[in-house]
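All chains, please: the whole structure from these sequences, using the hints.
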Amino acid sequence: KEAEEEKKKKDKEEAERLKAQEAEKKKVEEEQRKAQEDEKKKAEEEQRKAQEDEKKKEEAELTKLSFEGFLNKYYALSADENSKFYDENIHKKVFTWSGYVADMIGSKVVVNTKQITKPWSEFTGEERVHTFIVRFDNKKEIVNVKQGDKITVSGSVESRGAYMPEKELYSYWKMYNGKLIK
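Numbering follows the UniProt record's numbering, in which position 101 of the sequence shown is assigned residue number 101; successive positions increment by one, without gaps.
Hints were generated in silico from the structure; no laboratory data involved.
Glycine included, each C-beta is placed from N, C-alpha and C at the ideal position.
Check the hints yourself; a few may be wrong.
As the list claims (entries may be wrong) - Taking CB as the label site, the calculated pair distances span:
| no. | residue 1 | residue 2 | range |
| --- | --- | --- | --- |
| 1 | 158 | 181 | 10 to 20 angstroms |
| 2 | 107 | 83 | 22 to 32 angstroms |
| 3 | 55 | 19 | 50 to 60 angstroms |
| 4 | 39 | 156 | 33 to 43 angstroms |
| 5 | 158 | 121 | 21 to 31 angstroms |
| 6 | 164 | 57 | 44 to 54 angstroms |
| 7 | 119 | 47 | 48 to 58 angstroms |
| 8 | 148 | 44 | 53 to 63 angstroms |
| 9 | 177 | 144 | 12 to 22 angstroms |
| 10 | 42 | 117 | 26 to 36 angstroms |
| 11 | 89 | 114 | 18 to 28 angstroms |
In structure tokens form, the structure reads like this:
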């Protein structure tokens, strides 16, 4: 009888030891899972930050391109990519572009990559594609600007151009809050 009770006691102790061992194992597994989860979150955050930094760098480079360089980069994208790219990287961002004054309409200056001097209404589709129109809030800034002048302006791009010869769609870019740089 004593041997039986001793066996029960040992079985109970063994069961408790196994139970404690199992609990410890689960605790270690949970800590490992949590550590892996934390590592994964940290890696995802680092990747997100790297992508964000890359996007900011691309944006900064984009805003520093010449107008012609900008057009080449933008029109090299597919039509599907254009919209997303415009929304994420261009719309309401400040750019600095140069070109030749082709025409002046009130507080707006028509600027082209080529030295064209004719009324805006006479521009061909191809000429419109290489054009941006800048609206100046302060008309005094452009009082000395005349047709044929090469100028550099800075402003917020808020309307995109289009170059789709297959659809005979040619459009110019619009820049607002223009500031004359030179």
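C-beta pair residue 107, residue 83: status relative to the range 22 to 32 angstroms that was hinted: Once the Cβ atoms are compared, 29 angstroms apart, the range 22 to 32 angstroms for residue 83 and residue 107 holds.
Has the hinted range 12 to 22 angstroms been met by the Cβ atoms of residue 177 and residue 144? holds, 20 angstroms
Does the hinted range 10 to 20 angstroms hold for residue 158 and residue 181 at CB? Taking Cβ atoms as reference, residue 158 and residue 181 lie about 19 angstroms apart, which means the hint holds.
Between residue 89 and residue 114, is the Cβ distance one that fits in 18 to 28 angstroms? holds, 26 angstroms
Using the Cβ atoms, figure out if residue 55 sits within 50 to 60 angstroms of residue 19. holds, 53 angstroms
Do the Cβ positions of residue 148 and residue 44 conform to the proposed distance bound of 53 to 63 angstroms? holds, 55 angstroms
Do the Cβ positions of residue 164 and residue 57 conform to the proposed distance bound of 44 to 54 angstroms? Cβ of residue 164 to Cβ of residue 57: about 30 angstroms, so the range 44 to 54 angstroms is violated.
Regarding residue 119 and residue 47, is the given constraint of 48 to 58 angstroms on their beta-carbon distance met? Holds: the Cβ-Cβ distance is about 52 angstroms, inside 48 to 58 angstroms.
Hint check for residue 156 and residue 39 - Cβ pair distance inside 33 to 43 angstroms: holds, 42 angstroms
Range hint 26 to 36 angstroms (beta carbons of residue 42 and residue 117) holds or violated: Given range 26 to 36 angstroms: violated, Cβ gap about 59 angstroms.
Take the C-beta atom of residue 158 and the C-beta atom of residue 121, compute their distance, and say whether it sits inside 21 to 31 angstroms. For residue 158 and residue 121 the Cβ distance comes to about 22 angstroms; the hint holds.
Consistency with the previously given hints fails for numbers 6, 10, ordered from lowest to highest.
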